[in-house]
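*Asks:* Chains as they are written, first to last, in my numbering: chain A, 1 to 262; chain B, 1 to 262; chain C, 1 to 262; chain D, 1 to 262; chain E, 1 to 262; chain F, 1 to 262.
Do not rely on the hints blindly, as some may be mistaken.
Note that identical chains are pooled: a pair holds if it fits in a single copy or bridges any two copies.
Straight line, CA to CA, 30 Å or less: simulated DSS-like cross-link-like pairs of lysine-lysine [said to hold, decoys possible]:
id : residue 1 : residue 2
1  : Lys15     : Lys87
2  : Lys235    : Lys249
3  : Lys249    : Lys214
4  : Lys3      : Lys62
5  : Lys214    : Lys109
Keep in mind that the hints were calculated from the coordinates and are not lab data.
Each chain, letter by letter, is given below.
There are 6 protein chains.
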Amino acid sequence: MEKIFWSDYTTNEIKNIISEEDPLVIITVGATEQHGTHLPLNTDTDLGFNIAQRIAKNSPVKTLILPPVWAGFSPHHMDFSGTITLKQKTLFNVVYDIIESIIQHGISKIIILNSHGGNMSLLKTVVDEVGINHNISPILVTYWHLISSQINAIRKSEMGGMGHACELETSLKMVFSPQDVQEDLMEDVMIPENEFFSVDMFAKNKIGIYQPFKNWSESGQIGAPTLASVETGEKILENIIEQFTELIKLEWVDEDVNEKNN
Amino acid sequence: MEKIFWSDYTTNEIKNIISEEDPLVIITVGATEQHGTHLPLNTDTDLGFNIAQRIAKNSPVKTLILPPVWAGFSPHHMDFSGTITLKQKTLFNVVYDIIESIIQHGISKIIILNSHGGNMSLLKTVVDEVGINHNISPILVTYWHLISSQINAIRKSEMGGMGHACELETSLKMVFSPQDVQEDLMEDVMIPENEFFSVDMFAKNKIGIYQPFKNWSESGQIGAPTLASVETGEKILENIIEQFTELIKLEWVDEDVNEKNN
Amino acid sequence: MEKIFWSDYTTNEIKNIISEEDPLVIITVGATEQHGTHLPLNTDTDLGFNIAQRIAKNSPVKTLILPPVWAGFSPHHMDFSGTITLKQKTLFNVVYDIIESIIQHGISKIIILNSHGGNMSLLKTVVDEVGINHNISPILVTYWHLISSQINAIRKSEMGGMGHACELETSLKMVFSPQDVQEDLMEDVMIPENEFFSVDMFAKNKIGIYQPFKNWSESGQIGAPTLASVETGEKILENIIEQFTELIKLEWVDEDVNEKNN
Amino acid sequence: MEKIFWSDYTTNEIKNIISEEDPLVIITVGATEQHGTHLPLNTDTDLGFNIAQRIAKNSPVKTLILPPVWAGFSPHHMDFSGTITLKQKTLFNVVYDIIESIIQHGISKIIILNSHGGNMSLLKTVVDEVGINHNISPILVTYWHLISSQINAIRKSEMGGMGHACELETSLKMVFSPQDVQEDLMEDVMIPENEFFSVDMFAKNKIGIYQPFKNWSESGQIGAPTLASVETGEKILENIIEQFTELIKLEWVDEDVNEKNN
Amino acid sequence: MEKIFWSDYTTNEIKNIISEEDPLVIITVGATEQHGTHLPLNTDTDLGFNIAQRIAKNSPVKTLILPPVWAGFSPHHMDFSGTITLKQKTLFNVVYDIIESIIQHGISKIIILNSHGGNMSLLKTVVDEVGINHNISPILVTYWHLISSQINAIRKSEMGGMGHACELETSLKMVFSPQDVQEDLMEDVMIPENEFFSVDMFAKNKIGIYQPFKNWSESGQIGAPTLASVETGEKILENIIEQFTELIKLEWVDEDVNEKNN
Amino acid sequence: MEKIFWSDYTTNEIKNIISEEDPLVIITVGATEQHGTHLPLNTDTDLGFNIAQRIAKNSPVKTLILPPVWAGFSPHHMDFSGTITLKQKTLFNVVYDIIESIIQHGISKIIILNSHGGNMSLLKTVVDEVGINHNISPILVTYWHLISSQINAIRKSEMGGMGHACELETSLKMVFSPQDVQEDLMEDVMIPENEFFSVDMFAKNKIGIYQPFKNWSESGQIGAPTLASVETGEKILENIIEQFTELIKLEWVDEDVNEKNN
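Chain A on its own, in the form it takes in the complex:
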C-alpha cells in the first residue's frame, strides 16, 4: 500500500507526487492535556491523527498527512499536571509556518484537522492569515463538527454527556487505542447547561467565555464516559469518515470536474 505520511517520502518522491498528483495535505492539530481520570494526555492528538489516517485511506484524492501538531492552546487545563500549552501567538505561528512551507512547495489543497476545542478560534485566525497572504484557503475542520447532524442518532448520553474525556472521546479511544482507556477509573461529570451556553461539544453556544477547567470539574473530565463503547466509537468514526470524504469530493473532485467541463 502507498505511504500516506508526507515525511516518509524522499524529497524527490514528494516533488513528483506534488507535480503529478496535486495531493491534499492534512495537518492535524491536537493537544497534550489532561483528559480526566481515565484517559491519557495524548487523547486529542491521538484521535485527530488516527482519524486523519482513516481519511487518507478513504480519500477520493491523493492525500498525505503531516506529523501531528501535538501541543495546542490549553492554559485552561494547566491546573492539571502533565498539560502542555503553547501561547496563542506560538500556536498561530507554528501552524502558519508549516502551511506556508507546503504552499511554497506547490500544495494548494489543505485541511487543518483540529481535535481540541481550545484551538478552534485560534486556528480560524490562522486560516484567515493564510488566506490574506497566499490566496489559498486551508479548510479548517474540528472533526466532531462534521457529524453534528448525525450525532443524536448515535449518542447514548443526553446533552452534557459529550464534553471532555467524555462519551465521544472515550468511545473513539476504545476504537483506536483501547489500551489507553482505564475503564475502572471512568466517572461521569455532568454540568447543567443554560440557554446560552453548554459544555457539550454539540451545543450551539450563543456566547463565548473563558473558564479554567478546574472550575467545571475537579477530576478533569466533563460528560459521560461510562456510556462510551466500541460500537459507539465505530459508528462515530464511520460517520466522520463519510463526511470527510464527501467534503473532499465537494471541494476538490467536483471542482476539478467543473473546471474540466468549462
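With chain A fixed as given, assemble chains B, C, D, E and F onto it according to the hints.
*Replies:* For chains B, C, D, E and F alone, coordinates are given in the frame of chain A:
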C-alpha cells in the same frame, strides 16, 4: 435620565459608580467596511452601538457603554473602496488594552458586543487572553447569535438571505438609521449553500474558510435586502434585547442572589 | 449639505469621491481619560472630533472625517478612575493600520488631528513609519500647536493656566458641549514652571520627561479653568480653523496650482 | 515494562511520577527536511526520537519523553521539495513554551535532544531564555557532539563523509528504520574542507556562515552514505547511549548523592 | 583626574561609586548618517559624545558616561551612502534595555543626550515606557533645545541656516574635531520656511511630517555651513554646558537640598 | 595613512570606496560587563575593537570598521554591578539592522567579529536571518576560535585558565590597554572541568547550558590572570591577525582570482 456612556462621566463620577454600583460595561466592536450598494460603511458599527444603547436602557443592572471600536478585521472586504481593516494583532491588542484598563479600575462585568462576522474568532482569542491573565471572563456575544432560536419565526428570506447588507442588517438599519438605507439601490444576491458551509448568518457551518468577499459577490452584499422592513427590524431588535436582558440576569443578577444566599 | 463622514457613504460613493475629488481625510486621535473635577472623560476626543467637523466645513478641498480614535496613550492618568489607555505599540498599530487602509484605496492627503498631549511623540513615529513604507507623509497636527502665535492675545490665564482640563479645554468645551462643563466644580491648579519645563500647552519645553499626573495634581486638572469662557472658546476655535484652512491651502491647493503651472 | 512517553500517562499518573520520582524529561527537536536521494524527510526527527527511547530505557533516573518537535529551522533546505521550516522566532517559542509548561508542573531535569544542525544556535538561545526566567537550565545536546571523542575509531569515511544524509545518518537509519534507506539511490557527495570550515558534523569550525544547501549539493546529501552500514550504526548508537548515560549520571545522580551527603 | 566613562571601571569600583555617590549617568544617542559634502558620517555621534564629556567635567554631581549609541533612526537618509539606520522598534529596545540595566544596578539619575533630530520622538516614547515600568523618569535632552533662548545672539545665519551639517554642527565640529571638517567642500543649502514648518533646528514647528532628505537637498546638507567658525562653536558649546549644568543643579542638587531640609 | 573607520568618511567618500574598492566591513560585537576584580567593564568591547583595527591594517583587501556594538547579551553577569545587557531580541535586531543598512549601500563582504562568549549563538541566528533574506552570508568569527590550533603552544595555564578575565583576556589587555589592568588585584579562579563541559574558551563542549556567573565565581573572573603577560598577549594577537588575514584571503582574494580566471 441617567447617562449611559462611560466617557460622559467625570473621573470622580465614574469612580463612585464603580464602587457603589459595580456596573456592567459593554464594549461594542464593529467594522468600517463595504455594505453593498445600499448601505453605508458604518453599518456594523452603527448597529452594534445602537443595540448596546437599547440594552443599557433595559438592563437589570447598572450598565455603561464604551465608545465603539469602529475598525475591525476586514481584509476580505479590502477590494471594496472605503473599507478599513486592522491587522489581527492590532485588533486583538486594542480590545485587550481597553479591557485591561477597565479591569484596573475595578470592572468585572464585561460584555464584548460584536457586530461583524469577521471579528468572531479573533475576539474569542481576546476573551481567552483576558481570562488567562486576569481571572475574569468577558462575555463575547455576536448579537445575532442570541436570536438563533427565534429568527426562523421572523425572517422572510430563506437560508442565504441573511448574509451581509442583507434582510437582517437592512431591517435593523431601517429601525435605527432609516436615512442610511438607499432602498432604490437594494438588490438581492443569493449564494447557494452546501452541506458544510453557507454564507447565512444563522448557518451552522461545519468548516472554517477564508474567502475574499469579491469572490462571493461583485456588488458586496449577500442575501435578500429587498425583503427587509421596519417591522422585521423591530421584531429582531425586540428579540435581541430580550435575550440580552435574560443573559445579564442569568450571569449577574441571579449570581448575586445566589451569592447573597450562601 | 454634503456628508463629511467617511463612514456615512456606501462603498460605491466613496470610490467615486476618491477618483473624482481626491479628498483630504482627517483622522482624529484623542483619549478617554480623566479631565479633572469638572470635565468628562470624553474631553480630548470630543474636542478633536468637533474641530475636525468645523475644518471639514471650511476646507478649501473636499474633506472627509474618519470616526475618532478615542483611546490614546494615557498611562500617566491611570491613577484616575475611568481612564482608558492603549499600550504604545497598540496605538501605533491602530493609527498605522487605518492609514494604510485608506492609502490602499487611493488617499494621499491625510491629516492626523491629535488632541491629547500624551499621543504626540508616538503619532510622530507613526508618521515616520508611513513615510518610510508608502512614500506619503500624513501631516500630524496637535491642534493647539497651530495657534501658538495667536494664543497670547486670547488667553486670560498666565503661563501655567493652559495644561489639562484648563482654560483652553474648558473654553472649547463650553462652545461644543456646554452640558459637559460642571462649572460649580471648576478649580484652578497652577504648577510653577522652570526654565526647562512647564506644564503649559504652549510652553517651549527644552526637556522631555515622564510624570504620573497624580504627582502634578491630586484632582487631575492643571491650569485655570475658572478663567474659561464661551467667548475665549470661540476665539480659540476661530483661530484654529483659520490656521487649518491656511495649512490645507498651503499643502494641497497651492501645490495643485503649482503642479498645473508646470 | 514502564511507559516512557509523557503523553501516555493520565494527569493523575504524571502528577504522582513527578512528585515521587522527580523525572528527567527529554524533548527531541528534529526537522522535516530533504535528506538527499536515499533518505526520507523524517530522518532527523526519527533519529532523535529513537535515540531518546534508547536513552530512556538505559537511564539511571526515571526518564520521560515528550512527542518530537518535528519541524525545525530549515530555510537552507527549502529549495528541496518537502522541507518544512519554522521561522526562528516560531521554533524558539515552541520549545520555550513546552519547557515552561513542564517547569510549571515541577520538572527541573530537562534535556533538549537536538538532531538537526540548523537548530543548534537557536536552541542555545532557548536554553538561555529559560535560564534567565526560571533559574533552571535545560541541557542542550546535539546528539553527535557527545561522541566526538569516539567517532574517529568508528567512521569509515574521511573528514567530509559525515555531513547530511551521510555515513552517520544512513548508518543510524539502517539500525532504526532500515525500510527508509533506499540503498540503490545512495550516492556520495564530498565537499572539500578548508582550515576554517568543513561541512563534516565533527569539524571544529572556526567561523559561522549561512549557505543554502543547494549551493553545496545539487542532490541534497553531503558525505559518504555508501560507506554506511548497520554495524557502524550500532557502534555509533552504543556510544551515544553510553555518553548520555554518563551525562545523566554526572548531572543528576552524582549531584543527588552530593546533596544527600551535605 | 577621575575617570568619567562607566566602562572604564571594574565592577567593584562601579558598585562603590553607585552606593556612595549616587551618580548621574548620561547616555548619548546619535546617528551614523550622511552629513553633506563636508562632514563625516560620525558627526551626530561625535558631537553628542564630546558634549557629554564636557558636561561630566563640569557637572555639580558625580557623572558617568556610557559609550555612545551610534546608530539612530535615519531611514530618511538612506538614499545617501554610508548611512546606517535602526528600525524604530530596534532603537527603542536598545535604549530601553540599556536604561533598564543601569536602573537594576541602582541608578536613578539619567540623562538621555540626543544629538540627532530623527531620534527625538522615538526617544520620548522610551522615556515614557521607562517611566511606566520603573517609576523613574530619564530626562531626555536634544542638546540644541537647551540653548533656544541663546542661539539668536550667537548665530550668523538667518532662519534656515541651522539644519543639518549646518552652521551649528559645522561650528561644533570645528571645536571638537577640526580634522573632520573639509572646509573646501562646504556649500550652503537654504530651504525656504513657511508658517507651519521650517527645517531649522530652532524652528517652532506646528506640524509633523516625514520627508526623505533627498527631497530637501541633493547634496545632503541643509543650512549655512559656510558661516560656521570655531568662535561660534565655542560660544554654542559654552552655552550648552551652562544650561546642562543648570539643569543638573535644578533636578538633582536643589532637590537634594530640598529633601535634606524636609 | 588611510582612514579605517567607516564613520570617519563623508557620504560621497564612502560611496566612492564602495563602488571602486568593494570593501570588507567589520562589525565588532562585544559587551559591557564585569570582568572580575582587575579588568574594567569595557574589556570585551575594547579587545574586539582593537583586534579589528589590527586586522584592517593588515588586510589584503580594503577594510572598514564600524563603531563597536558595545552592549551584548549578558544576563548571566547582571548580579555584578555595571553590567549592561540587551535582551536577545534587541541584540539580534541591532546587529541585523546594521548589516541590512550596509548591504543596502552595496556591501557584500562582512565579518561579524565577536568578542563575548554570551553572544555566540545569538549572532549565528543573525547570520542565518541575513542569509535567508539577502542572499549574502556575513562571516561570524568569535576571535579566539581562530587560534584554537595555535593556543596550546602559547598558553601558560592549563585547561580552565582561559575563561573570563583570564590569562588570554588579561594578556591582550596588557598589549592594548595596559592602564586598564590592575595587576595587584589579579586572582586566579579555576573551575574543574568534566568530560562534557569546561568553562575554558578552548574547550570542545559537548553540551549547552545556562549558568549565572555568580554560581561559577564570586569575584567574577574565571581562569588564571596571574599567568598573563605582555609577551603572551603579543603572541596571541599575532596569531589572531595571521588567521584573520588568511581567512580574508581565502574568502575574498582567492575567490576574486578564481572568478577572474573563469
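*Asks:* If a hint holds in the structure, say so; if it doesn't, say that too.
*Replies:* Here is what the structure says about each hint:
1. Lys15 <-> Lys87: Between. Shortest inter-copy distance 22 Å satisfies the 30 Å Cα cut-off; intra-copy 34 Å does not.
2. Lys235 <-> Lys249: Only inside one copy: Lys235 and Lys249 sit 21 Å apart there, 40 Å across copies, limit 30 Å.
3. Lys249 <-> Lys214: between (41 Å within a copy, 24 Å between copies)
4. Lys3 <-> Lys62: within (11 Å within a copy, 35 Å between copies)
5. Lys214 <-> Lys109: Cα proximity of Lys214 and Lys109: across copies only (21 Å, versus 39 Å in one copy).
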